[in-house]
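> Spelled out, the chains give:
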Amino acid sequence: MTIDPNFSLKDLIFMAQGAAITFALTIISGAIGTALGFLIGWARTSSSILVVALLGAFIDVIRSVPLIIQFILFNSFMAIADYPLDPFTSGIITLSVYISGYVAEVVKAGIESVPRITRLAARGLGLTYLQDFFYVVVPIGVRTVFPSWTGLMLGVMKDTSLIAVLGATPPELLRASQIVITRVQEPLLILIGAGCFYFFMCAVITKINMRVERSWNITGSTFK
Amino acid sequence: MIDIQDVHKSYGSLEVLKGVNLTVEKGEVICLIGASGSGKSTLLLCINALESIQSGKIYVDDIEVHAKSTNPNKLRQKLGIVFQQFNAFPHLTARENVGLAPRLVHSKSRAESDELACEQLSYVGLADKLNSYPAQLSGGQQQRLAIARALAMHPDYLLLDEVTSALDPELVGEVLDTLRKLSDSGMTMIAVTHEMSFAREVGDRVAFFHNGVIHEIGPARDLIDNPQEIRTKEFLGKIK
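Sequence lines, in order, name chains A and B.
For the first sequence, the residue numbers in the working numbering are 7 to 230.
For the second sequence, the residue numbers in the working numbering are -15 to 224.
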């Protein structure tokens, strides 16, 4: 069997499929990580010293250990514990937990950005803690930290490429590109192509988020 | 009636209230005056349970404010509070700002709360600002919005914490006019204020705070025009 050294439509489709996997990984782990990070960040503002310290330690570890090591460690640990997971499941769990550590800090910053006096005013009107939190604190905090969160999600998109260490197939965009490179021997061209895929997908997220932000601005809610 | 009995309040080792006694009758307007840091604002926060107290008792309509059995969220519906710092909810229009608590706390429908909001905003002279966001309002308008928001809960008492102190001088008048109107309508108010002319004119009684206690209290005109205590004289002398 001979190897065809030319870049074909099949290769492009292969890379597009990789891009789709990258995008899906980003959306799924981004969503789970954000939900989890929201809860952790919220808990971090609690008055329990124990909770704050434990979650602080968790976040420190998550943010200090390279993601690639976390992928391998978690995957190996599950295998040793006799609960082998398929690479995508294992990858998504690791990635979601990793993201949650970063999101938690953003959420905490958002909650703390709401002035004490605004919360006192809400409670003074008779709102309960939860009503104050969900109708006053969250809407104000989200607007404040939304750009940081968008930045995080763009980072996640590129972090998904590290899932390759688990040998997940079909491969995501970067791994797919590498596979094509090995055969076609045109690394520059193919990496430029891969870069374009990444750029396009990030642009989609940026565009959507900018639109969301603009809807807040149009309604005049830009804060002084 | 609000009855404050020997209330002590500390932040850490700093004792802010050192045995405050005060009774406020229905329909009365009491102005609290005194230097910054004398504990006036803290007392307001204690009255609606936004702050705890170390000892003493506060009763609002015979409900003990700091009793374990008292639901603070319920209690606060009787007590409107307006602060010095602007604190309108920045993500909501004036109408939504006023309608939020009636909708959440009194379970009013959106239509009902909208109507109530229009009513209250008209009362404070903001009928043309229903759909404006706080960032689009002047300081005086934001304070009137805060008053409307408190009134929409139909409180029995209004606690006012230096509501004109953060305002440019030319905006003070419109807010005081609103408060005057409220006092004429019989609203019970406890107002921390540095506006002596307002205290003299609208207040039934004036209480002078010094060192965490009420140092002197009396009918508004008498106390301001003719204070008995030396500390009160000093304070009023500095203000005038």
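Calculated from the structure, these hints are not laboratory results.
All C-beta atoms in this analysis are idealised placements derived from N, C-alpha and C, irrespective of residue type, glycine included.
One or more hints might be untrue.
Taking beta-carbon pairs under 10 Å as the criterion, some of the chain A residues facing chain B (in silico) [said to hold, decoys possible]:
| no. | residue |
| --- | --- |
| 1 | Thr124 |
| 2 | Ala127 |
| 3 | Arg129 |
| 4 | Tyr135 |
| 5 | Gln137 |
| 6 | Tyr141 |
| 7 | Arg149 |
| 8 | Pro153 |
| 9 | Ile214 |
| 10 | Asn215 |
| 11 | Val218 |
| 12 | Trp222 |
Far from chain A, some chain B residues (derived; all Cβ distances over 12 Å) [to be verified]:
| no. | residue |
| --- | --- |
| 13 | Gly11 |
| 14 | Lys62 |
| 15 | Asp98 |
| 16 | Met137 |
> Hint by hint, note whether the structure agrees.
For each hint, the structure was consulted:
1. Thr124: This hint holds: threonine 124 of chain A lies near chain B, its Cβ roughly 5 Å from the closest one there, short of 10 Å.
2. Ala127: Since the shortest Cβ distance to chain B is 4 Å, the answer is holds.
3. Arg129: This interface hint holds because 6 Å falls under the 10 Å limit.
4. Tyr135: With a minimum Cβ separation of about 9 Å from chain B (threshold 10 Å), the hint on tyrosine 135 of chain A holds.
5. Gln137: Given a least distance of 5 Å, the restraint on glutamine 137 of chain A holds.
6. Tyr141: Holds. Min distance 6 Å.
7. Arg149: With a closest approach of 6 Å, the arginine 149 of chain A hint holds.
8. Pro153: Violated, about 16 Å.
9. Ile214: 20 Å, violated
10. Asn215: Result: violated, 17 Å to nearest chain B Cβ.
11. Val218: 13 Å, violated
12. Trp222: It holds, given that the least Cβ distance between tryptophan 222 of chain A and chain B is near 8 Å, below 10 Å.
13. Gly11: Consistent with the label, glycine 11 of chain B stays out of reach of chain A, its closest Cβ about 22 Å off (over 12 Å).
14. Lys62: Label violated. Min Cβ-Cβ 9 Å, cutoff 12 Å.
15. Asp98: 16 Å, holds
16. Met137: Its Cβ does come within 12 Å of chain A, the nearest being 6 Å, so this is violated.
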